[in-house]
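Top to bottom, those sequences are chains A and B.
Residues 1 to 174 (the working numbering) make up the first sequence, in order.
Residues 1 to 664 (the working numbering) make up the second sequence, in order.
Since the hints were derived computationally from the structure, they do not count as laboratory data.
C-beta atoms are modelled at their ideal positions from N, C-alpha and C, and glycine is treated no differently.
Check each hint, because a few of them may be wrong.
What the hints assert, rightly or not - Covered, in the sense of this in silico footprint (three residues per stretch, anywhere, with C-beta under 8 Å from a C-beta of chain A), are these stretches of chain B:
hint : segment
1    : 360-369
2    : 378-390
What the hints assert, rightly or not - Only pairs whose alpha carbons sit at most 35 Å apart, straight line, appear in this in silico DSBU-like list of lysine-lysine:
hint : chain 1 : residue 1 : chain 2 : residue 2
3    : A       : K20       : B       : K336
4    : B       : K382      : A       : K159
5    : B       : K69       : A       : K144
6    : A       : K159      : A       : K144
7    : B       : K415      : A       : K20
8    : A       : K159      : B       : K576
9    : B       : K415      : A       : K144
10   : A       : K159      : B       : K415
11   : A       : K20       : B       : K267
The lines below spell out each chain.
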Amino acid sequence: MQEATVPKTELQTAGRSRAKFYVGGLIILAAVAYLIVSSFGAHAEYFLTVEELLARRDELQGRQVRVSGAVIGDTIVYDAQNLDLEFTIAHVPGSNKEIEAAGGLAVVLRQAVSDPQVPRLTVRYHGPKPDLMQHEAQAIVTGKLGEDGIFYADELLLKCPTRYEEDIPSQSKG
Amino acid sequence: MIPDVGYLAMVTALVGAVYATIASLYGFFKREERWVNSARHATMTLAPLLGLSSLTLIYALVVGDFQLKYVATTSSRDMPLFLKVTALWGGQSGSLLFWSFLMASFTFIVMLRRWDEDRELLPHVIFVTAGTLVFFVGLTTFVANPFEKLSFIPPDGQGLNPLLRHPGMVAHPPTLYLGYVGFVIPYAFAMAALVTRRTDPHWIRVTRRWTLAAWLFLSLGLLLGGRWAYDVLGWGGYWAWDPVENAAFMPWLTGTAFLHSVMIQEKRGMLKVWNMVLIILTYGLVIFGTFITRSGVISSVHSFAQSAVGPLFFSFIAVTAVASVATLLRRLDDLKSENRLDALLSREAAFLLNNMLFITLTFSVFIGTISPMVSELVTGEKITVGPPWFDRVTAPQFALLLALMGIAPLTAWRKTAAQRLGRSLWWPFLIAVVVVIGLFLRGVHSWGALLGFLLVTFVGVTTLWEYVRGVIARRRARGEPWLVAFWRLAGRNRRRYGGYIVHLGVVCMALGIIGTEFFQQDTEGTLRPGEALEIGGFRTVYRTLRTYPGPGDLIVTEATVEIYQGDQLLKTVHPKREFYQNTQQTMTIPALRSTMAEDVYVLLTGWEGGGATATFRVYINPLVNWLWLGGLIFVVGTLVAGWPDFEAERRMVMPRLTIAPQQV
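Please build the complete structure, drawing on both the sequences and the hints.
Right, dumping it as structure tokens:
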């Protein structure tokens with residue numbers, strides 16, 4: 001560095017430090033912005049309804065998505081020895097407004113499982129069967145749609161229409 | 001009858017708070033001391049009134065007055081007494097009332113202080129605190145009333161959600177709320193300082209201990225919440241980047257930034273605007289946090305649409321934010337910096353960088369938390385981000401912060417010579433490199449983990465060295481014995497050395513986080529008695545299963561599992577499943593074999609044929625106990641830093657000293 005040879009006032013040094021600091025700050029801000037945006041590409045999950053997933057199956061095949069639907073009790077097959085779980089979910093509307101308009105989550109779930117016209121999706125999951133895995137429960141599965149049209153879930157969350165007013169973290173995280 | 005008294009007290013408190021808000025404003029504009037005094041007295045009635053109100057609700061919970069909707073949904077006849085009492089904060093409306101009570105109590109204490117020196121701040125402090133209470137008590141009076149009655153009297157209540165019946169969850173909300181409401185006090189003083197143009201660091205000094213206390217409680221709340229998740233939720237972890245957790249974490253981040261940056265204002269008269277921004281932000285995040293915690297607006301599938309709480313909270317946050325920022329903008333001229341940044345290598349620059357990282361972290365967490373809401377508005381599709389997103393975005397920022405924590409205490413105010421800094425940094429760095437090479441040779445090949453261990457060792461050594469250096473200097477100067485020198489060193493300069501203890505706590509916590517993030521292992525399988533799962537050098541052998549009735553409607557199924565390492569039996573543990581018949585809810589209670597090296601975390605996830613086979617999931621969580629130990633150290637450090645130091649306070653009365661470069 002040539003700094004020693006150049007006569008300088010304190011003000012100049014201070015000015016230079018500030019400039020350096022701004023540059024450093026901007027670099028950090030840019031890095032964080034990059035991290036946030038690029039991570040969205042890598043780790044964001046689309047939250048979809050069964051209908052949406054099936055409508056866009058080609059585009060979304062193999063992509064990590066999150067789907068929610070109503071569990072149809074008769075379809076639950078569980079192999080306790082190998083921890084293989086299979087079940088079918090029926091489409092429920094995604095927006096809260098629609099759910100409220102239809103009379104609340106419990107009503108929506110009941111309608112979904114009893115109407116054979118509603119789109120359905122078979123889900124496979126490896127792991128212990130959660131206790132809430134029952135008829136008319138709401139399943140939120142995270143995973144990928146396979147080429148065979150079966151959804152391979154690596155995370156399974158179940159919710160029953162609340163008995164408690166609040167939402168607290170669920171126990172069954174895969 | 002008695003609940004009516006509680007309701008009446010709550011309504012009276014609302015009237016009192018409204019009166020105090022108006023009277024303080026009137027007194028200020030008319031310059032009439034008696035109105036301000038009247039407002040002060042009105043404010044002081046709020047704590048007793050809301051206390052009475054909370055007590056009657058506790059009474060209703062304990063005796064089981066199930067006509068009250070709140071009691072019917074959170075209490076039941078067979079719940080133990082302490083749970084009935086703590087059900088006060090088990091539901092939304094009760095916890096909002098409790099929040100208001102805590103807020104009113106803090107305000108009460110503030111009102112008691114001697115205001116001789118800063119009389120002009122009083123009306124504004126009253127305005128902010130009482131105004132905040134108007135909002136919260138207004139909520140419990142009109143929107144989420146804990147004293148709301150049902151048209152019939154149910155024979156029994158639902159009882160508290162079993163997930164919340166854990167000591168950690170019993171203590172977690174009050175500590176978190178104390179942290180939340182604590183930050184309202186420095187915010188109130190900051191606003192008062194702005195309006196009255198008393199923008200010297202006086203407001204910071206007055207509220208320093210409030211800030212520290214708020215910060216301590218918030219930290220404790222986060223720790224307890226993590227421990228609760230670890231003990232109760234049964235997925236082997238302690239932090240899931242859940243919106244509720246994030247909501248408590250964000251004000252902690254901005255609060256931590258504030259704690260650091262006020263030091264610059266005190267010592268150098270810089271960053272005045274910035275400190276205002278930080279405290280305004282923290283206040284906003286506190287309200288936002290209370291809202292998220294109590295509404296589940298983001299995570300919940302069945303959103304909070306039925307109640308008007310959501311829009312009201314957002315309006316309140318918006319109004320206070322706009323008002324605060326407007327006040328700040330009008331006073332920008334008074335907040336001119338007294339000094340400028342002299343050098344890149346200086347304590348000031350280090351603090352600035354620290355602040356920036358805390359803010360970018362807050363922003364990152366915020367973006368991740370609200371991504372489903374925002375993306376739905378923008379693209380019509382709900383996009384959620386999970387823990388991998390948060391880990392990837394925040395880990396580099398945390399790593400930088402950690403590194404900074406090692407370097408910053410060694411820098412001097414104004415300017416540090418690079419050589420000098422290098423002299424004190426090269427050997428801790430060398431030690432860290434040696435440790436990392438050792439770890440690498442012993443088979444640790446994850447780059448992230450190695451970098452983590454490098455930072456932890458480096459920062460640990462430099463922080464400890466600060467202590468050793470201080471003790472040696474005292475010994476040399478005064479010939480004190482080691483222990484005396486150590487005790488007096490920390491005792492005479494509590495703020496600084498308390499801060500370093502906190503840093504040490506963070507180092508330990510980082511160790512625990514690195515251990516679990518990089519080296520957690522898990523396995524699962526269905527076993528017959530005598531069979532075992534093998535993982536990470538441990539063997540967990542399933543022996544027996546038994547089912548027995550617990551208190552109330554509870555049925556417990558408990559497995560006996562032996563944990564072996566090689567042929568040696570380490571511990572016999574009992575992972576459990578608790579089934580609550582009334583609500584058909586099951587809890588999975590893990591069993592642990594805990595050492596500082598690792599936890600073996602065993603879950604019973606299912607069984608067939610009365611125990612002919614049982615399914616287990618086993619986690620190995622390396623170093624996780626360093627996290628809890630670090631948390632304890634952290635708390636001790638904060639207490640040391642905040643402990644009243646009367647000697648120092650006398651010194652503080654003197655005008656700010658010019659700080660020599662050497663004096664850190």
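Going through the hints against the structure:
no.: 1; hint: 360-369; verdict: holds (count 4)
no.: 2; hint: 378-390; verdict: holds (count 8)
no.: 3; hint: A:K20 <-> B:K336; verdict: 22 Å, holds
no.: 4; hint: B:K382 <-> A:K159; verdict: 19 Å, holds
no.: 5; hint: B:K69 <-> A:K144; verdict: 43 Å, violated
no.: 6; hint: A:K159 <-> A:K144; verdict: 21 Å, holds
no.: 7; hint: B:K415 <-> A:K20; verdict: 14 Å, holds
no.: 8; hint: A:K159 <-> B:K576; verdict: 22 Å, holds
no.: 9; hint: B:K415 <-> A:K144; verdict: 55 Å, violated
no.: 10; hint: A:K159 <-> B:K415; verdict: 58 Å, violated
no.: 11; hint: A:K20 <-> B:K267; verdict: 23 Å, holds
Hints 5, 9 and 10, counting from the list given before, are not met by this structure.
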